[in-house]
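Engineer: What follows is each chain in one-letter form.
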Amino acid sequence: MKPASFGYADPTTVEDALDVLAADEGAKVLAGGQSLLPLLSMRLAAPTTLVDINRVPGLDGITVSRDGVRVGALVRHVQLLHSAEAAAAQPLLGRATANVAHPAIRNRGTTVGSIAHADPSGEMTSVLALTDGSVTVATPGGRATIGWGDFFVGPLETSVHGPAVVLDAFFPALPERSGTAFAEISRRKGDYAVCGAGVVVTLDADRRVSSARAAYLSVGLVPEVHDLTDAVAGKPVDSADWAAAGELARGLVDPDGDLHASADYRRLLVATLTERTLATAAAEAARRTA
Amino acid sequence: MTTKLFGEPVRRREDARLITGQGRYLDDIGSSAYAAAFVRSPYAHARIVDIDVTAAVDVEGLLAVYTYEDLVGPMAEPLPVLIPHPQLTAPRTGYPLAKDVVKHVGEAVVMVVATDRYVAEDAVDRIAVTYEELPVVVGVDAAREAGSCVHDDVPDNVAARHHQETGDVEPALAASPHTLSFTQYFERSAAMPMEGKGVHARWDADDSSLRVYTSTQASTSVRAAIAAKLQLSLERVEVIAPDVGGGFGVKIVHPWPEELLVPMAARLLGHEVKWSEDRREHFTSSAHERQQRQEVTVGYDDDGRITALDVHIWHDNGAYTPYGIIVPIVTATQLVGPYVIPVYRVQVESVFTNTVIVTPYRGAGRPQGCFAMERAMDRIAQERGLDRAEVRMRNLIQADQFPYDHHLTFQDGRPVIYDSGDYVGLMGKLKALVHWDSVEERRAEARARGRHLGIGMAMYVEGTGPGPYEGGHVQVLGSGKVLVSTGLTSQGQGHETVFAQLVASELGVPMEDVEVTTGDTRRFGYAVGTFASRAAVMSGNAVALAARGVKEKALRIAAEVLEVDPGDLEIDEGLVQVKGTPGASIPLRTVAVLSNPLRYAFDEAAKQATQFAGPGDDSKPPVAVGDAPGLEHTDYYSPVRSTFASGAHAAVVEIDPLTWEIEVVDYAVVHDCGNVVNPMIVEGQVHGGVAQGVGGALYERMAYDRDGQLQNASFMDFLMPYASEVPDVVIDHQETPSPLNPLGLKGAGEAGVIPGSAAIASAIEDAVGRRIAAMPISPTELYDLVRSDADQVTNVGPKTTGVLA
Ligand SMILES: Cc1cc2nc3c(=O)[nH]c(=O)nc-3n(C[C@H](O)[C@H](O)[C@H](O)COP(=O)(O)OP(=O)(O)OC[C@H]3O[C@@H](n4cnc5c(N)ncnc54)[C@H](O)[C@@H]3O)c2cc1C
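As you go down the protein sequences, you meet chains P and U in turn. Take the position in the first sequence, starting the count at 1, then add 3; the result is the number in this note's numbering. Take the position in the second sequence, starting the count at 1, then add 14; the result is the number in this note's numbering.
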C-alpha cells in the first residue's frame, strides 16, 4: 500500500497549476488529499504528477452574500461546519458537513474537493444538487460556471475533462419561508452514509406547503433531487402527510444493494428519512414564516 | 508499607511511552533496512502455471526475487503443524512461498526485496504470474457438501473429526421430558491488531548470527523455528518482540512465512531486511476466526433443567491447519459453561475452505461455544415460559460442587476440572447490576419514545492459563535496580506494570526500581507464549516465585552480615532490616553487591565485595557449594491444569423500529478472574474485550464471495467499531481465588469478548420477538428478519414485531 512514483508541483497561481495540468495528461489536482491519497496508496490511481493547489492564495475563503454562499477550493470541511454566516444563509451547509467523516478528515478534506471527486455518497455533492448550486471551473480556455446537473455525470466522474481546477462551489441561499433538514444513517458514526437525505420545504404565505424537495446520498450513481411536493402540496404544516411524501420518494429511487444495505433496505431508509427530515424542515419553515 | 502493591489499581507504566509516540514498534526498527514485499495470489484456488519476472528486473533498486524454487532444505518443506492431534487426521500446511498451487487469496507466491517498500511494490506490480483457476470452496456448508475439494487428497474437506462425550446421549435425550433442536451460524471476524505483523532481520556475517525482531506473541518458538528452518544452531539466533501493537491471537501463529523468508533474505543479501505488513495483506494473508455451523439438540425437564445436550459443529478452518484443531476443541469443551450437563456429546468436523487460515482470535472458539449454550438456555426459557435468568440459575454448578469435573479433555490435553467459582454469585450480581427485574418498566419507557428495548444475558466459564510452563528471572543489581524478565511477550496488556507490581510486592522494593523485560530471547530463552489468558497466571506466578527465591537469598546473606537469624529479617522499601529493631538494617543493593564476591573493585560499591574489604570466614569458599554468585533467581511455574475464570454479561439494546438500527444502550459485566493483581488493568481488558464482542455481534464480518474474494478487505468496509459504537461498560468483580497456583490467579485477557454475541442476540430477540439464529446481525439483516416468515417469531417477549406498512 505504497503509491507508485509521481511528480509533484506546488504552483502558487491558478494559471501555473493549469500549465502543469496541461503539460501532463496524467496530472491530477491535490487538495486535502483525503480521497486521493488512499487511492494512490492502494494503487487504484497512479497520476504522473500531483498538482498541489494548497499554496495558491485566495482559494480559502467563504463568501456569503444575499444570493448564497461561495466556498473556495481550499476551504476545509471544518471551516464550513463552524461558519455561522454560511449557516445563516444556507443552513444545510453546516448540517450536512457535520456528517462528513471524522474530525481529522474534516480538518484537511475540502468541500470543493469532495464535489470535484463526485462521490454520490458524499454529503456535499447532494447539498450542491439540492440547493441547485454550481461550480466555477478554471481551464486554459477561461473560467466557466457549471450547474450541478451538468457537472455530475457518474460516480467519481464529472463533465470536466482535461486541465481544470474547480475554483469554488456556490450554494444558493435558502429561499424565504423555507426550512431544511439533513439526516443520514451510517453503519458507524462518521462513515459514508448507507443512505442520507437532505430536504428543503417551502411554505406559502398561509403556511401551506408549496414545495418539498429532497436529495439523497448513496442511492444513485449521481446526486438525485426529487420533487415530493405532490404528496403534500397545499397542506398546512401540521397536517401534511409526510409519510406519504416518504412513500412517494421510496417509489422514485432505484438504489443498489451492497454489503451494508440491500436495495430494499435503502428504499426503507429513503422513506423513513424523508418523512423525518420533511417534518423537521417544515417546522423550521413555519418558524421562518412569521 | 508502600511496597505491597498486589491488588492496587496502579497506573500502567508503559502508557506514557506508548501514547506519546515513544514506543518502539517493528516498523520503527531498521530505517536503513531493505524492504520486502510479496506477490500474493489473486485467486482462491489455482494452479501456478508460470512466474515471469522479466518486467521487474529493470526496476531500479530491485535486489532480489525469490520463488519456491529458491527455497532449499527445510525451507522447501511445508510449514510446521504446530499442534498435532490424533484426531487431526488430515493436517495440511502451506509452504513459505506457494509451491504449484495456491489455496486462498493472499497466499504468498513471490518475495521481492528492494531498497525500499515503494520500489518493492513497483517490482511486485511487474511480476506476471499465470494461474489456472480451480474450483473454489467457501463457507462451512459448501465445504460440507464437498462439491469440490480444497486439497486433492482430502475429498470430503474434513481435516479433523473431534468428538467427546460424557455418556450415552441418545437414550438420555429419548428419556428427556422435552427436547428442542436448532441450527445456527456464527460468522468470520478477525483479530485485526492496529499493528500488522512485521519482521526485521539482521545477519552478522562475522559472528554467523542472526537477530530477528518480530511482532509476535511467541518469540522463543519463532526462534526455534527459524533455527530449524534456516539450519542454524539455536544460540546463533536471537528473537525479540519489540513493542507490539496488539496481537489478539493472530500473532501466536508462527512461523509465519515472512518470519522465515525475511531472515533468509537478510542472510543471503548480507543486509538488514524488513517486512512490515500492510492492512490489505493483513486481511488476506494473516488469520481469521469464528465461522461455525452449529446443530444443537437439548433435552430438559419441566423445570427447564438440562438432561442431555448433543451438539454437532461444522468449523471452518480455512485453507490450512497450522494451529491444529485448538479452536474447535476450545469450542467443544468450553461450550458447557457454568452449567451441570448430565450427558453431553459434541462432534466437530473441522473443514477446509479456500479462505484465509483460521487460528485463535481472542476468545478462541469460546464465543461460538457460549453462543450455542446460551442460545439453548434462552430457547428452553421460552419453551417453558420461564425467566431466562431463572432457567440459568436452575442449571448452574453450585458453589459446593468444586472442583467440578466435566469429564472432558481440554486444549492442553488435561481434564476440564473447574478449580473454583461461584456462578450463583455471578448471576446475583449481574441481575442487580443491570436491574434485570425492572426491565418491563424500561421497555415501556422506551416504547413511549418509539423504540423497542430488549435485554439479554450470557454466562461463560473460560479455561485460562494453560501450561506447559513459563519462567521468570529476577535479579537485584548493585545499583538497587531490580531486573525482571520472562519469556512470554507483551502486546499492550500491561505486563510491565503487573509483573513489576508482583515483584515489588514479593521482594519489598519500590516499584520504580523494578524493570520488566518480556519476549526477548537474549534475556529469557524458555517460554511458551502469550495466549489463552495465561500471562498473569503463568509468568505472574513464575516471576513471583523467582522474587521469593531472591528474597530468600537476600535474607540469608543479610543475616550473615547483620549476625541475626534470616527469620528475624524483613525487606521493605529496598531495605533489609531486623524486625522491630530500627537501625539494624542493610540496603538490598548492598546485599546484591555482597552476593558476588569480587577480586576487582570496578566502582565504589564494588569495593565492599573485594577480598580485603572486611573479615570473612576463611574456612569456607567465597561462594558456597550449591550456591551461585549474584542476587538473582530463576524459577518456573508449571500448572497441573488450566484454571477456570468465569463471568456473566448482560446487554440492553434499543432498536429503531423504522430503520432497524441497533444500539447497545447498557452493557454490564460481572467478572471473576480469581485474585486481582490490578483491577484497573483487568477492567481495561474487559472493556477491550467487550468492544470486540460488540464488533463481532453487530459490525464485523469477513464477507467472502463465492469465488473466495474477500469483499471488504479494508477498514472502510470491514466495520471494526469505533469508540462511538462501543457502549459504556459497568463492571462488578467477584474474586474466587484459584487453588491451583501460588497467587490464586485466573486469566482475564479474553473474557470480555466471549459472551458478546450471545448476550446481544438474546437482547435483540427480546426487543423484536424474532429468533436470531445467525450472528453478526446488521440493520439491513434485521429488517429482512422482521419481514420473514412467522415461524421465526418467538413465543415470549413483546409483540412489537412489525414492519412499516
Ligand atoms: C476515512 C474517511 C472517511 C470519509 N468519510 C466521508 C464522508 O462521510 N462523506 C464525505 O463526503 N467524504 C468523506 N470522506 C472524503 C473526504 O470528505 C474528502 O476530503 C473529500 O472527499 C475530498 O476532498 P479533498 O480535499 O481531500 O480532495 P482530494 O483527496 O485532494 O482530491 C479528491 C479528488 O478531487 C480532485 N480535486 C480536488 N480538489 C479539486 C479542485 N479544486 N479542482 C479540481 N479537482 C479537484 C482531485 O484531483 C481528486 O481526484 C472520507 C475520507 C476518509 C479518508
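Just so you know, these hints were derived from the structure itself, not from any lab. Worth double-checking, as some hints may not be accurate.
What the hints assert, rightly or not - Sample of chain U residues at the chain P side, in silico, Cβ under 8 Å:
hint : residue
1    : 135
2    : 136
3    : 294
4    : 672
5    : 717
6    : 726
7    : 729
8    : 792
All C-beta atoms, glycine included, are put in the ideal place defined by N, C-alpha and C.
Engineer: For each hint, tell me whether it holds in the structure or not.
Structural biologist: Do the hints match the structure? See the list:
{"no.": "1", "hint": "135", "in the structure": "holds (5 Å)"}
{"no.": "2", "hint": "136", "in the structure": "holds (6 Å)"}
{"no.": "3", "hint": "294", "in the structure": "holds (6 Å)"}
{"no.": "4", "hint": "672", "in the structure": "holds (4 Å)"}
{"no.": "5", "hint": "717", "in the structure": "holds (5 Å)"}
{"no.": "6", "hint": "726", "in the structure": "holds (6 Å)"}
{"no.": "7", "hint": "729", "in the structure": "violated (10 Å)"}
{"no.": "8", "hint": "792", "in the structure": "holds (7 Å)"}
Consistency with the previously given hints fails for number 7 only.
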